[in-house]
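K.L.:
Residues per chain are reported as follows:
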Amino acid sequence: MSIFQELANRDQVFDFLAPVQSPVDVRHGPILYMEDVNVSFDGFKAINNLNLTVDDGELRCIIGPNGAGKTTMMDIITGKTRPDTGSVWFGSRHNLLTKNEPDIASLGIGRKFQKPTVFEALTVFENLELAMATDKRILPTLTAIMKPEYRDRIDEVLQTIGLQELRDRLAGILSHGQKQWLEIGMLLMQKPRLLLVDEPVAGMTEQEMERTAELLTSLAGKQSVVVVEHDMGFVRSIARKVTVLHQGSVLAEGTMDQVSNDPEVIKVYLGEEA
Amino acid sequence: MASSQNWLLRPFQERSTQLFLGVLFTALVVVTFLHLFMPQDSALHVSAYTVTLLGKYLCYALLAVAVDLVWGYLGILSLGHGAFFALGGYAMGMYLMRQIGDRGTYGDPVLPDFMVFLNWDSLPWYWQGFDMAWFAFIMVLLAPGLLALVFGFLAFRSRVTGVYLSIITQALTFALMLAFFRNEMGFGGNNGLTDFRDILGFNLRTDATRLGLFIATGIALAIGYVICRAIVASKLGRVSIACRDAEARTRFLGYRVERVQLFVFVVSAMLAGVAGALYVPQVGIINPSEFSPLFSIEIVVWVALGGRATLYGAVIGAILVNYAKTVFTGVMPDAWLFALGGLFVLVTVFLPKGIAGLLQKRHKTKPDDDTPTRQEATA
Numbered sequence: 645m646s647i648f649q650e651l652a653n654r655d656q657v658f659d660f661l662a663p664v665q666s667p668v669d670v671r672h673g674p675i676l677y678m679e680d681v682n683v684s685f686d687g688f689k690a691i692n693n694l695n696l697t698v699d700d701g702e703l704r705c706i707i708g709p710n711g712a713g714k715t716t717m718m719d720i721i722t723g724k725t726r727p728d729t730g731s732v733w734f735g736s737r738h739n740l741l742t743k744n745e746p747d748i749a750s751l752g753i754g755r756k757f758q759k760p761t762v763f764e765a766l767t768v769f770e771n772l773e774l775a776m777a778t779d780k781r782i783l784p785t786l787t788a789i790m791k792p793e794y795r796d797r798i799d800e801v802l803q804t805i806g807l808q809e810l811r812d813r814l815a816g817i818l819s820h821g822q823k824q825w826l827e828i829g830m831l832l833m834q835k836p837r838l839l840l841v842d843e844p845v846a847g848m849t850e851q852e853m854e855r856t857a858e859l860l861t862s863l864a865g866k867q868s869v870v871v872v873e874h875d876m877g878f879v880r881s882i883a884r885k886v887t888v889l890h891q892g893s894v895l896a897e898g899t900m901d902q903v904s905n906d907p908e909v910i911k912v913y914l915g916e917e918a
Numbered sequence: 031m032a033s034s035q036n037w038l039l040r041p042f043q044e045r046s047t048q049l050f051l052g053v054l055f056t057a058l059v060v061v062t063f064l065h066l067f068m069p070q071d072s073a074l075h076v077s078a079y080t081v082t083l084l085g086k087y088l089c090y091a092l093l094a095v096a097v098d099l100v101w102g103y104l105g106i107l108s109l110g111h112g113a114f115f116a117l118g119g120y121a122m123g124m125y126l127m128r129q130i131g132d133r134g135t136y137g138d139p140v141l142p143d144f145m146v147f148l149n150w151d152s153l154p155w156y157w158q159g160f161d162m163a164w165f166a167f168i169m170v171l172l173a174p175g176l177l178a179l180v181f182g183f184l185a186f187r188s189r190v191t192g193v194y195l196s197i198i199t200q201a202l203t204f205a206l207m208l209a210f211f212r213n214e215m216g217f218g219g220n221n222g223l224t225d226f227r228d229i230l231g232f233n234l235r236t237d238a239t240r241l242g243l244f245i246a247t248g249i250a251l252a253i254g255y256v257i258c259r260a261i262v263a264s265k266l267g268r269v270s271i272a273c274r275d276a277e278a279r280t281r282f283l284g285y286r287v288e289r290v291q292l293f294v295f296v297v298s299a300m301l302a303g304v305a306g307a308l309y310v311p312q313v314g315i316i317n318p319s320e321f322s323p324l325f326s327i328e329i330v331v332w333v334a335l336g337g338r339a340t341l342y343g344a345v346i347g348a349i350l351v352n353y354a355k356t357v358f359t360g361v362m363p364d365a366w367l368f369a370l371g372g373l374f375v376l377v378t379v380f381l382p383k384g385i386a387g388l389l390q391k392r393h394k395t396k397p398d399d400d401t402p403t404r405q406e407a408t409a
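Chains as they are written, first to last, in our numbering: chain A, 645 to 918; chain B, 31 to 409.
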């Protein structure tokens, strides 16, 4: 009898009928897969046939001169901008082009903006609390209570980003570097599979930069991390694999040494700086 | 941070809420006592006129709390909250009109006077059911709530915020004012609804009913305040502040900003509706002037004067400004608007955090503590 019931349960017999809420499927390799993506704004091609794959657990740095399309690429992945053509997949199950920003965030893609944005009127603790991966609908949020395990999780992240001392201070009084770390901490609270980090060390001191490099490399492996950065020294200190963007498409890809010896890259980017 | 498990009980553990409720209930008891037990000729006697006046202030205070909830904590500057107040008022007014029965000038048992005057032969469909108190009281919540739901759904879904939203809310209340001015709308046109007799069987012209309405308004203010406080102290309140300060960030954290905005906006509109419903039986009339954009702007001035994002500041602001208005319009009626404008300018320049900010500064126990409080950081 129970066999019949099981057979009658269509989700179990035909697993493609089950709602696609499953964790990200990375059995086929990449966690992020972008193919032939094109975006133009008023005729200006911001992204031009972009192809990019990021493997699970990888720490990838993306560099490129201003206007190369780095931020637009992040906008596409997080659902802020819709590409004109192309496909973007998260794992091999989730088509990101069919989802909106909150959906993509709850799938496990966290994004750190170029300018640190934390909630300045809330304490450091509360900032992390809001970022926590919980039910984000209205009524559950209204009736939410602070469970001990939540508190432990927040304290754990506070430890990671080194802001335990400032736990109950308003985020508005933090220094620039501390805000950047708090924002990374907020991303960690979301337990993301993929972290998109936009210019994490802009405006940081040398020491703060070192700490940020440590923080980001310690995250790789557990999460996949994509870092967009201008600062070549910083990229060199954390990068394993570097992608160079130029005029909306990939110019070169490889280790830092390979990339920085590529004549094309030297011409469009490094040559400019030297 | 409060630790209660139940979000609705959380405010009762806060010092500020305990203090607010204490002051409010003491005021209710004192006014009741002075009204009932002091001889008429005593200097301490509170007349029925004053009781009703105070009741009116409390209605305004509840309305100000509703505006502060959306403006202070959600960052939505609504310049049209008078519309929700007036809709609640009209729902109550329709009930009171039906209660008149055949005692009107024309003596029609069903039709209100103005409909007889306009030669209508039957009650419009939307007047049905308002002879029953329970139905009318539900409509007091439902009419403003539904308007806020539809309006908010369209506005927030299109991500209209900031000054654009303020202008649209202003247009909303203005459009409703024009509509309600029309006789064909069936709400008494220019004159509105008036000449009320009874509420729930009690004669509105007796002192006891007036006192009862005053106390009911006080209780409504207490409940409204606690509900707002409960929302603000919950995680949803912190999400609201997050939406106010960094909308995009909140969205990337996985919150549906437009739903948070819609929820808080609808709650606020309903509170405004209740304030309007309690206002109408006390002043004895509701007409389209309550929809006027000027009134809605005035509400915002009360909140700004009292101190934004504090809730109790809104109450203080509403009562003080309206008391000043009563005094001023008695002495120099023409100068009132100038006085209000001047007051607003003075407070914005010298007290950017309003009267509540002044109180907080006084209250601060450690003068050398440089940690800014939440209100200071948000102001």
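None of these hints come from the bench; they were simulated from the model.
Some hints here could point you the wrong way.
As the list claims (entries may be wrong) - Capping the alpha-carbon separation at 16 Å, the derived lysine to aspartate or glutamate pairs in EDC-like fashion look like this: (1) A:K835 / A:E793; (2) A:K759 / B:D275; (3) A:K724 / B:E328; (4) A:K743 / A:E764; (5) A:K866 / A:D700; (6) A:K759 / B:E277; (7) A:K885 / A:D719; (8) B:K86 / B:E44; (9) A:K835 / A:E800.
To be verified - Short, incomplete list of chain A residues facing chain B, as computed with Cβ under 8 Å: (10) P709; (11) F763; (12) E764; (13) T787; (14) A857; (15) E858; (16) S862; (17) L863.
Claimed, not checked - A few chain B positions that, by computed beta-carbon distances, are all more than 10 Å from chain A: (18) Q43; (19) I261; (20) I271; (21) L283; (22) G284.
A virtual CB, placed ideally from N, CA and C, is assigned to each residue, including glycine.
K.L.:
Which hint numbers does the structure go against, in order from smallest to largest?
P.N.:
3, 4, 7, 8, 10, 14, 15, 16, 17, 19, 20, 21 and 22
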